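Engineer: Starting from the known structure of chain A, fit chain B onto it as the hints suggest.
Protein sequences appear in the order of chains A and B.
For the first sequence, counting from 1, position 69 maps to 69 in the numbering used here; every step adds exactly one.
For the second sequence, counting from 1, position 299 maps to 299 in the numbering used here; every step adds exactly one.
It cannot be assumed that every hint is accurate.
[Claimed, not checked] Below, simulated SDA-like cross-link-like pairs (lysine to any residue); rule was C-alpha separation at most 25 Å, straight line:
(1) K349/B <-> A364/B
(2) K349/B <-> N148/A
(3) K348/B <-> L225/A
(4) K172/B <-> K348/B
Honestly, the hints are just simulated from the structure, not real lab data.
It should be emphasised that the depicted structure is a prediction, and the values quoted were computed from it without experimental measurement.
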Amino acid sequence: MTMVFGIPIQAFLGQLLVGLINGSFYAMLSLGLAIIFGMLRIINFAHGAQYMLGAFVGYLLLATAGIGYWPALILVPLIVGLIGVVIERLAISRLYNLDPLYGLLFTFGLALVLEGVFRYYYGVSGRPYATPPLLSGGTNLGFMFLPNYRGWVVVASLVVCLGTWLAIEKTKFGSYLRAATENPSLVQAFGVNVPLLLTLTYGIGSGLAGLAGIMAAPVYQVSPLMGSDLIIIVFAVVVVGGMGSILGAIVTGYILGLAEGLTKVFYPEASSTVVFVIMALVLLVRPAGLFGKDA
Amino acid sequence: MKALPIISAALLAATVIPAAADVSDGKVKIGILNDQSGVYADFGGKVQGAAIEIVDADHQNKPDIASNIARQWYDTEQVDAIMELTTSSVALAVQGISAEKKKIDIVTGAATTDLTGKACSPYGFHWAYDTHSQAVGTGGALVAQGGDSWYFITVDYAFGHSLEEQTANFVKEKGGKVLGSVRYPLGATDYSSFLLQAQSSGAKIVGLANAGLDTSNSIKQAADFGIVAGGQRLAALLFTLAEVHGLGLQAAQGVVLTEAWYWDQNDQNRAFAERFFKRTNRMPNMIQAGTYSAVLQYLKAVDKAGTDETEAVAKQLHEMPVNDVFTANGKVQADGNMVHDMYLFQVKKPEESKKDWDYYSYLATIPGDEAFIKAQDSGCPLVK
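Okay, chain A solo, but in the shape it has when bound (with noise of 0.2 Å):
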């Protein structure tokens, strides 16, 4: 049997790919904290509490709807962006000229809440989601046996990354967005309503939250904690990818998850921890991030 790095090779490739369905939700979540923060300048705390609010709603949307998973992925986004909407107007809207400080509390606070809420009641223990039949089962890919549901959101987080991107980075509406954040003022001048254009950014940010959290449900237990357990991890990504950069978030979210999946091989024990590990190394190295413009 071929080795690598004294494992088999099969339990090797294995190992990459399921890093690499972590790195999925990493780079879907650090990219909406990456547009929110790029475009906003908010570090928005929030952001885990908004993906288990995702899986929440598609849970409850399923629960006392019978809106089934497919609906969800396209309601839940929306439902999610729009109470996104809804905090950016009544409440970081007001915050754009204070301290970035503010931002920082007021939208850590609102996890608190939110979180809060849910786990009373809810409780911690988590509500299963069934993966949606069209994607049960699994393929036997040779070298592991890979549930479908695990397979479809590698792809469905590639294709919402690189949408994404390509939506900022090759369209009109991003070029507004990319102009609004450079010079806000002279935007406003040729006739951009820069404070809607902001308010939707935090609905977008918002709702890719709401979206990987929605296709985290079958994955893990809808739980109330299942936000704060990952926000952590995807701020020391987006850290490491540069602040307000997208595609160094995305890139990011994949590289770490990889790096993750093989430290569960090598050292389970530092699996935690591993990626604050690559942190502290990288911002010794580029204190600006890997992808970030030095300031």
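Structural biologist: Chain B alone, transformed into the frame defined by chain A:
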């Protein structure tokens, strides 16, 4: 899970009215200290509390919080005994305080054998199960059925280590072998990597040395990765009815586990379970039934002693056999361990389940003498 204690009519029926003159401050007050919100909340969240007077609190799985509550209860609220005590670290801390304050504690929610081993107390009792009974039950019985090669997925702290070690020893003793193990940090959400390692090890049995939500998640993901479908068996070393219910039979089917009590075993259990269900809307597991038994036995002991004075009650608790809905002929050893039979169950397939909460098929009985460590081998300094 928000779980407030429910005053039990059942206990009122078994009324204990101690001679008020001999009972300090005129009442018997029992504290139920457990986890009502954390990862182990569903473990024993619903409490079948006694009349008399029951107070309860959530220790959040933190020994320091639990210690503060225990001191406050003993020092200023005249609590006579503390029970349940989910999570080993909490149980050890509170048992220490109880011994120091000369108060009784009966642990039903924690697993460590240290409670009746090196940390034993003359006033401390361990009621429902421990890591040894789980290891002997699940480990021993599976080896006997031909499950002679094991791979462990173990949570990386004292409880997981001791569960793995005790099971591994037992497996080897019975002629089986351990092919490997992987240790992961507590509260991990993704087990796929560990499951793949277990899968590629080729072991017949994948032993899950963890508890609560961790076990539920690992079992769910094992189903995703086709572990059971591929011919391996999952052995959950600490898994109860509450978690099976949360997980659903689709994911949990085929899991082998050890419990001290199952609601659908006989008429007596069913009757108790029905009363419990009416109040809580869920069926009790061994921890809930065990806490009921502990409270009842304590009250019987107070009744027999005619006082709630600790030494006298502890003496009765050590001497009286336990005969109630939880167990028949249970006996308390000198180290405080209540020895009783344990049962091996397998979780049913969805199509085998005839009604709500119909989850287990009975596989075997593990006699109490085999399931628990004998007092002289326990390492408890009180045993001469």
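Engineer: Which numbered hints turn out to be false for this structure?
Structural biologist: 3 and 4
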